[in-house]
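2 protein chains.
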Amino acid sequence: MKPPIQNDRFLRACRREPVDATPVWFMRQAGRYMAEYRAVRASHSLLEICKTPELAAEVTLQPVDRFGVDAAILFADILLVLEPLGVGLEFVGGEGPTLRRPISSADDVDRLRDFDVTTELGFVAESVRRIVGRLDGRVPLIGFAGGPFTVASYLIEGGHSRNFVATKKLMYAEPQAWHRLLARLASITTEYLRLQVVAGADAVQLFDSWIGVLSPQDYRRFVLPHARTILEPVAGLGVPVIHFGTQTAALLPDMRSAGGSVIGVDWRIDLADAWQRLGADVAVQGNLDPAALLAPWPVLADAARGILAEVAGRRGHVFNLGHGILPETPPDAVADLVKLVHDESRTGNQTGSAFRL
Amino acid sequence: MKPPIQNDRFLRACRREPVDATPVWFMRQAGRYMAEYRAVRASHSLLEICKTPELAAEVTLQPVDRFGVDAAILFADILLVLEPLGVGLEFVGGEGPTLRRPISSADDVDRLRDFDVTTELGFVAESVRRIVGRLDGRVPLIGFAGGPFTVASYLIEGGHSRNFVATKKLMYAEPQAWHRLLARLASITTEYLRLQVVAGADAVQLFDSWIGVLSPQDYRRFVLPHARTILEPVAGLGVPVIHFGTQTAALLPDMRSAGGSVIGVDWRIDLADAWQRLGADVAVQGNLDPAALLAPWPVLADAARGILAEVAGRRGHVFNLGHGILPETPPDAVADLVKLVHDESRTGNQTGSAFRL
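These protein sequences, in sequence, are chains A and B. Sequence positions in the first sequence follow our numbering and run 3 to 359. Sequence positions in the second sequence follow our numbering and run 3 to 359.
Among the clues, some could well be false.
All copies of an identical chain are treated as equivalent in the list; a pair is satisfied when it fits inside any one copy or across any two copies.
Said to hold, decoys possible - In silico SDA-like cross-links for lysine to any residue, where the CA-CA straight-line distance does not exceed 20 Å:
#, residue 1, residue 2
1, Lys-171, Arg-316
2, Lys-171, Ala-23
3, Lys-53, Phe-93
4, Lys-53, Gly-90
5, Lys-171, Leu-101
6, Lys-53, Leu-328
7, Lys-171, Phe-125
It is worth saying that the hints were derived from the structure and are not from the lab. Predicted model, so just to flag it, every value in this text is computed and none were measured.
Please work from the sequences and hints to get the whole structure.
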């Protein structure tokens, strides 16, 4: 039996219901910028933490305990789904992923190992159950998976990429293999998200972080149908679904069309402008530049207030960064930002007036 | 005496005058993807080529001779303006720039060496004169400089950056030093572009390539006034001015406001959508994904036709990529693309009908 959620601001905002204050959480809110996290990492690799439910639960809870964010997000990595495919996932040195056997051809696509998501990724379900138990209803838990383009790009590039040349070459030169690959990833991802929801996740986010390197035409042709294949059935699970990408200013209507009850927006567009392009019938999440957390407090506070002011009086805003927290981020800035978002949006809701700008 | 320009399609399109066919050139059209260029590089460093007018002229002419592009672009590097500042510019290994002494504080900004642009960058003027002589009026010559944000980012990061953390930290923490720095760069850049135009450049492009990493708010506050400081006087020199950046889908109206008679657009937005946001009273340049040149010909041809079709019947389109040619590009694809752009836009203008899609 899951305990009822006490602080349900995040879920209410996702459903565009009234809230007492704007909910706030951060992508990569559990990570290297926190001493508590580094203490765990000192004796465990990233993959060990992901695969040890007790450790995953511990680091997942760290930012909830320390900052009072309105949602927890499962500690995991979007590339965990790649390991059972047999491509040799490693996190060498820091946190950057490397594949020992990236794929580069139609044959490679067809040779990817079949696997049962429930069995091979069962440790993630166990992490979700532990986290839900330890949260004890304080805040909701967000599960997540990588989006089909983003996961495919790592599978093909073998790691992070600057120009995504190998990915685009395969996409253009072998469109049938590309679509087989993305259909396969979409099927795995749908099962993987279902596994997390069944285990107790209260919402999920699809991180198609790198779709913004595609032209809108290419996104529509090569990615959108597969994103929809994931987002439609997952929407049927009855939890909010956040669809996130970066560099998406011109892709927002297409992302909306692919699915998601909340669209995650980066800082490269004014949030009100983004919402305008998305339409009023969807919630938005974002969109502070992660680098703003490295700024002196008055600059950070102004930037956060600017975002709150842009969407003041509208239902359905989840405050977040436009991408993950940077490792250089001072934790105190995160704490102060959470407090500001709560305090100033609460004031705003009470008075219905403008924020202090 | 400069000979009159025989093929003036590019200049006419920049001025939104009728053309017989859409003009086409490519950012980094002289570069590593060409054997002719690699042959020169085999015995000369990148900086040597830039500083030896005869060599700069030779590589500048290579793509004009081979592909029949409608404009030459000066072979140079946007960071040449940094060397006289005393920061230790090097191109280590391949073509990636590194500064031995990047700046990180207000004091560093104030310690940057004063220099006379005409003297210290006189070799660029000499390159321009040589190129104009060798072109003998075949096509116009485009001069260029880096935009203030982009050049500042290299000055601060010391090389290419993924998240521009040091740049943004200085911008946020030391806004006065930031504005002093950008004003200084703007002054140098204005002089530098004037030098090129006086020497014979028929148009200039301001490459503020990385502005798309900024939020629109930050662009307006920290960059736009300085971009305008460059673009306004340069516009007064009577040549077309192209203002270029990447990841700018939401920045286009602000770029337009900063200046430029042509706005360079990357592939992350449909070109017709971009032009809509810019307004009809400006020309546009772009916007094929450079990776499309690595695709099989039918895919590349379709993508190019798609761009031509989007802006068919409108005056003021210069065909280009959305960023520089990738080193992996097959030269034959470039040749075929130039021919397609000319052939199919000529058809389009004659019939006034749609392109084959």
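Quick rundown of the hints versus the structure:
For the homomeric pair Lys-171 and Arg-316, neither the shortest alpha-carbon distance inside one copy (43 Å) nor that between copies (32 Å) is at most 20 Å. Proximity of Lys-171 to Ala-23 under the C-alpha cut-off of 20 Å is found in neither arrangement, the shortest distances being 46 Å within a copy and 29 Å between copies. With identical chains, the CA atoms of Lys-53 and Phe-93 are at most 20 Å apart within one copy only, with a shortest distance of 13 Å there and 43 Å across copies. Taking the shortest alpha-carbon separations for Lys-53 and Gly-90, only the intra-copy value of 16 Å comes in at or below 20 Å, while the best inter-copy value is 47 Å.
For the identical chains of this complex, Lys-171 and Leu-101 are intra-copy neighbours only, at 19 Å inside a copy versus 33 Å across copies, given an alpha-carbon limit of 20 Å. Taking the closest pair of Cα atoms, Lys-53 and Leu-328 never come within 20 Å of each other, the shortest separation being 23 Å inside a single copy and 39 Å across copies. Within a single copy, Lys-171 and Phe-125 get their C-alpha atoms no closer than 35 Å, and across copies no closer than 39 Å, so neither meets the 20 Å cut-off.
Violation of the numbered hints given earlier is confined to hints 1, 2, 6, 7; the remaining hints are satisfied by the structure.
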